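A.B. asks: Take a look at the letters that make up each chain.
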Amino acid sequence: MSITEILFFFLSALAIVSAIMVLVSKNPVYSVLWLVAVFFAISGHYILLNAQFLAIVNMIVYAGAIMVLFLFVIMLMNLNAQSEPQKNMWMKLAGVISGGCFLMVLVSLVRQANELTNKKALTVEGNIGLIKNLGKVLFSDYVVPFEITSVLFLSAMVGAIVIGKKD
Amino acid sequence: MTLLAFDWLLIIEKLVLIAIIVFASLGIALYTTFAERKVAAILQDRPGPERAGPFGLFQPFADGLKLIMKEEIIPSSANRTLFILGPGLAMTAALMTCAVIPWGGTVSLFGREISLQIADINIGILYVFGVVSVGIYGMMIGGWASNNKFSLMAALRGASQAISYELAMSIALIALLMTTGSLSLRTIVEQQMAPGHLWNIAYQPLGFILFFICAMAECNRTPFDLPEAENELNFGYHQEYSSMKLGFYLFSEYVNMIMSSAVMASLYFGGYDIPFFNESVLPQNIAALVGVGALLIKIVIFIFVFMWIRWTIPRFRYDQLMNLGWKSLIPLALVNMLITGAFILARM
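Here the protein sequences line up with chains E and U, keeping their order.
So the first sequence is residues 5 to 171, counted in the working numbering.
So the second sequence is residues 22 to 369, counted in the working numbering.
Treat the hints as calculated values from the structure; they're not laboratory data.
From a predicted model like this one, the values you see are computed outputs, not experimental measurements.
Honestly, I wouldn't trust all of these hints.
As the list claims (entries may be wrong) - Some, not all, of what chain E presents toward chain U, calculated at C-beta under 8 Å:
hint, residue
1, 63
2, 64
3, 74
4, 75
5, 132
6, 134
7, 135
In this text, a Cβ means the ideal position worked out from N, Cα and C, and glycines have one as well.
Using the sequences and the hints, build the whole thing.
C.D. replies: Structure, rendered in structure tokens:
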């Protein structure tokens, strides 16, 4: 086993276990913290795919900023295991069955897709995720969508400030 | 059968390097607490700690021993797991920054070229930001798990302060990166060492001042120590903590200070570059060691400035803090970025 494989299996196990813990945890604060662990594992996967920029941006934006805001909300609303509504048995069963069906569809799709047969993940060779290449592509080939997206973000920011402002 | 086919020597080399850097950082942090008390004493015209050992040099060990020996109290209504996790996370995040800082050039030992940097990744400075944003969790988890309103308020204050100042900090940094064209800290340092190239402070004076102010806010140093405002919040987010867990929180602040000084020295003050001196005339190993010394001196100067400011300027009010961050620093950083962009465009 090469070090890449060891890291892949470790990170995958970490991601899956953490993702399950997000759902299983009774306390919402625990759920958020497990979700942070999921993001870390996914960042690790990005690094294995040689997409270091995506990995670190995932860490800064999702683990560092968005999850902190989630924590803010949960902590200020004082949600905890007692205040969390408990769903009844039938609801859980229905959720498990429909989720399982969805998983089955996804797995069969991935297994049969023509685009994915005999393909290997570019663990070390792939270099589109490096900041230099990504920047060049974003600012040459995709410059118009990129700029439109940034205007969208800006309007979202302005909107948040307008809503949050006291009259 | 080669079950684990990788360069074991490289791993040993890196482990030794990590151990040295982490313990050296902790040792420096230990004596930074002592220096803080001494500097405070000098600025307030009193002798400061002087009883333990010559000039009071054993004071940090006495302080540490006191913290360890104290009774460990976990409040009965606290969330036990997270209460213990909080200080550990704060400390881990503080120490993780040291991985990308270039502490020196390369040393050749036992026929191996050893770079005095744990990882030279091409997104080095973004890694620092990632780790800083993770460091917020230590504070927030600790504040929430204490199950105390004051702790929670302090943690929220600390987190919102850190997020607000991170923005101005990264915009100030963008202007610098526009001139360097690289995110790797080692490349940035080597560019500054090149003959005919000044330190980045000469090209980015405003950017450095903004970065410095934001770094101070990120480290929760006075005048930005709102999370520890004892006149409003009793003590701060670590109010319920005692013994070594409190020690970890207080200590992580000093480690953060060292790391942010090292980052600033690398970004704006040439890192391990010795001013007005061409290192290439020295033998390689000696040049590397002298370079480490130069970086350490720069770090010590930065830490002194941090302390100087702490014992000179009183704490801001919370609204003043937010106004400064959002209405002064971010526009200034944007202006700085535009000016830098205009200069680069004009020179092309």
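A.B. asks: Hints first: check each against the structure and report whether it holds.
C.D. replies: Verification of the supplied hints:
1. 63: Because about 4 Å separates residue 63 of chain E from the closest Cβ in chain U, which is inside the 8 Å limit, the hint holds.
2. 64: holds, 5 Å
3. 74: violated, 11 Å
4. 75: Hint on residue 75 of chain E: holds, closest Cβ of chain U at ~6 Å, below 8 Å.
5. 132: Violated: closest Cβ of chain U sits about 14 Å from residue 132 of chain E, beyond 8 Å.
6. 134: Holds. Min distance 7 Å.
7. 135: holds, 6 Å
Going down the numbered hints, you'll see the structure goes against 3 and 5, while the others check out.
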